[in-house]
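Visitor: Residue strings, one per chain:
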Amino acid sequence: MTVSDVAPIITSRFANPDAHTLSGYRATGGYQALAKALSMSPEAVANEVKEASLLGRGGAGFPAGVKWGFCPPGVWPRYLVVNGDESEPGTYKDRMLMERDPHQLIEGVLLACYAVGCGQAFLYVRGEMALAQERIAAALNEAYAAGLVGRNIMGSDFSVDVILHWGAGAYIVGEETALIESLEGERGMPRLKPPFFPAAKGLYMQPTIVNNVETLSNVPWIVNNGAAAYNELGAEASRGTRMFAVSGHVKNPGVFEVEFGTTTFRDIIFDPRYAGGILGDRAVKAFIPGGASAPWFFEEHLDLPLEKGTVDRAGSMLGSGAIVVMDETTDVVRACLSLVRFFAHESCGKCTPCREGTTWLERILTRIISGQGRPTDLDLLLDVSDNISPGIAWPPKQTTICPLGPSAVSPISSALTRFRGEFEALIDDAVAARTAVTPVEITVGSHG
Amino acid sequence: MARLTPENEVLARTIIGRYPVPKSALIPLLHLAQEQDGWVTDEAMAHIAELVGVSAAEVLGTCSFYEMFKREPVGRYLVNICTNISCVLMGSDDLLSHAEQRLGVTVGETTPDGTFTLEGVECIAACTEAPCLQVNYRYRYKVTPESFDELVDDLAAGAFADEIPPHGTLARVRQVIAADRVAGAVEPTDGRQPEWMGDPDGGAS
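Respectively, the protein sequence lines represent chains A and B.
Per this note's numbering, residue 6 is the first one in the first sequence, and the count goes up by one each step.
Per this note's numbering, residue 676 is the first one in the second sequence, and the count goes up by one each step.
Keep in mind the hints are simulated off the structure, nothing from the lab.
There may be inaccurate statements among the hints.
Quick list of in silico lysine-lysine cross-link-like pairs, DSS-like style, CA-CA up to 25 Å [as the list claims (entries may be wrong)]:
1. B:K698 x A:K355
2. B:K698 x A:K206
3. B:K745 x A:K355
4. B:K698 x A:K256
5. B:K745 x A:K198
Footprint (simulated), chain A over chain B, 3 or more residues, beta carbon under 8 Å [to be verified]:
6. 711-718
7. 742-751
8. 845-851
Quick caveat: nothing in here was measured; it's all calculated off a predicted structure.
Just so you know, even glycine gets a beta-carbon here, dropped at the ideal spot from N, CA and C.
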């Protein structure tokens with residue numbers, strides 16, 4: 006195993022009990038990046054982040070610095086929206102960053118606003134995360150009082166309000182255009198892209214940058230240490246470090262910040278410093294490399310590095326940094342149903358193929374599991390899937406506005422391709438049970 | 676108790692003032708209504724509509740999309756058990772069945788004494804602590820049937836009153852922006868380039 010021992014970037018304060026307070030943050034170098042940035046031009050700060058190959062940590066993996074550059078020149082105001090609506094099944098890291106080091110995030114928000122010229126920032130925290138909301142509210146209150154947020158920050162001409170906003174329970178709001186709709190007080194339904202790319206037409210139809218919590222939490226370090234130092238870590242486009250949550254059938258489930266691009270799945274699942282191997286030393290049946298939306302990986306993928314391009318080419322994605330391990334005892338049909346049921350429940354209902362398709366996928370899987378499966382059901386699952394995501398390929402095509410519908414296809418195609426026999430066995434049993442029923446002989450006219 | 680109290684109305688106006696467009700305050704205000712009454716009443720929605728300047732139907736349209744907003748009373752404790760993949764792999768199906776038996780309700784129902792409402796919830800970002808649940812959005816990790824029973828007994832006995840507020844209360848710390856520190860909401864029609872971005876004609880981007 007080749008586990009690199011790099012110093013953590015974004016979780017460096019997690020062991021400090023007072024990391025969430027202003028004094029705790031300042032005692033460990035907090036807000037130095039902001040002071041440094043204010044002595045630089047906004048353009049220079051933006052360039053540093055662009056040089057740093059900071060891939061977005063929310064799911065799509067788009068370089069943050071490049072995204073910042075997409076705002077049309079001369080169009081004002083611009084807004085920053087922070088996506089703290091972490092809700093992809095298997096994902097657990099943004100909540101941790103918000104609860105344990107909220108000032109690091111706030112400093113990242115301020116740096117982004119300064120670099121891009123955003124006149125106001127909205128920090129959208131998931132509704133269910135009460136402690137994260139509390140910690141961010143307290144941190145903002147302290148930062149405002151200390152002159153670090155709001156009017157004339159650190160005595161400069163840089164002024165921006167950072168407004169804590171929170172959701173109310175809807176996975177779809179993690180999608181950036183749905184997040185904007187929700188922030189406008191609407192039902193969280195995605196907008197069509199084009200024309201509604203947030204950088205061009207976002208919040209209130211103005212240029213808007215939507216960045217994930219983990220992404221922005223990296224920015225203070227980059228401004229302090231420079232893009233060159235950041236790019237020394239990692240491989241190919243995947244630079245710096247990244248947080249991965251490893252859950253499921255492992256001995257030591259946990260959230261680990263590892264060097265991006267070089268650490269392998271085998272390292273993070275088996276190394277004693279990380280997840281420590283499979284429960285009961287059983288074999289791996291499958292693992293999800295990047296959240297519920299990602300196609301599954303199997304034993305032959307264990308030696309792939311956690312590198313965006315490599316994982317993309319292997320037919321899946323690192324997504325939101327959520328690795329879910331299923332051991333050899335896993336009932337994959339039930340696992341598949343759990344994933345599909347989630348997407349059916351969270352479909353916003355705007356696009357017919359997703360609204361109807363995910364619902365039918367759930368119903369068909371449910372009847373297979375409950376012993377009512379039909380021999381035609383597996384082809385039907387694929388047919389419905391094909392109507393949501395034509396060709397059932399990766400990267401997925403879609404007949405929908407956003408990727409939620411195609412995400413429900415990932416577990417179906419993964420499980421059916423690899424474990425079709427397990428589905429067939431359930432259906433065979435159901436058919437056999439139905440045909441095995443012996444007709445009961447009824448003697449007509451007997452009253453005996 | 677239905678419309679926002681005078682005190683909450685003041686708070687609502689402060690919240691609205693932070694946004695460039697008032698309707699953006701809808702979700703925080705619906706949370707405020709739920710914090711006040713434990714659920715979102717029609718009267719509160721009508722009041723919010725007046726404050727924000729939209730129709731009551733628009734408020735309902737937004738409210739009804741989001742699962743955390745309850746439009747009928749729920750128990751003192753809303754128990755949400757995660758039903759997603761990481762928790763399912765670690766036994767949350769069994770935990771949910773156990774919870775139904777222990778509380779004598781099915782998912783979505785409230786116990787007759789009004790103490791507990793049981794729900795299945797989608798992934799709550801505690802996947803490494805599976806199976807997990809929340810009580811009024813406060814976490815409990817690696818829950819077993821035994822620890823669930825203990826939790827129910829403790830809650831029924833009034834334990835955790837400090838840690839777990841009544842349903843509807845999320846953060847117990849509110850954002851406060853002092854008048855001398857506020858930069859101000861930036862309206863979408865405000866076409867000015869921010870001061871720190873340099874000379875407006877200098878081409879800084």
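Visitor: Please go over all the hints and tell whether each is borne out by the structure.
Guide: Hint-by-hint comparison with the structure:
1. A threshold of 25 Å between alpha carbons decides the hint, and for K698 of chain B with K355 of chain A the separation of about 21 Å falls inside it, so the pair holds.
2. Taking the CA atoms of K698 of chain B and K206 of chain A, the gap is about 18 Å. The hint holds against a cut of 25 Å.
3. Under the criterion of a C-alpha separation no larger than 25 Å, the hint pairing K745 of chain B with K355 of chain A is consistent with the structure, at around 22 Å.
4. Using a Cα cut-off of 25 Å, the hinted pair K698 of chain B and K256 of chain A is violated, with the two alpha carbons roughly 47 Å apart.
5. Between the alpha carbons of K745 of chain B and K198 of chain A the distance comes to roughly 32 Å, so the proposed pair goes past 25 Å and is violated.
6. Against chain A, the region 711-718 of chain B contributes 0 residues with a C-beta closer than 8 Å to a partner C-beta. That does not satisfy the three-residue criterion, and the hint is violated.
7. Three residues within the 8 Å Cβ limit are the bar, and the region 742-751 of chain B against chain A gives 3, so the coverage statement holds.
8. Counting residues of the region 845-851 of chain B whose CB lies closer than 8 Å to any CB of chain A gives 7, so the stated coverage by that chain holds, three being the minimum.
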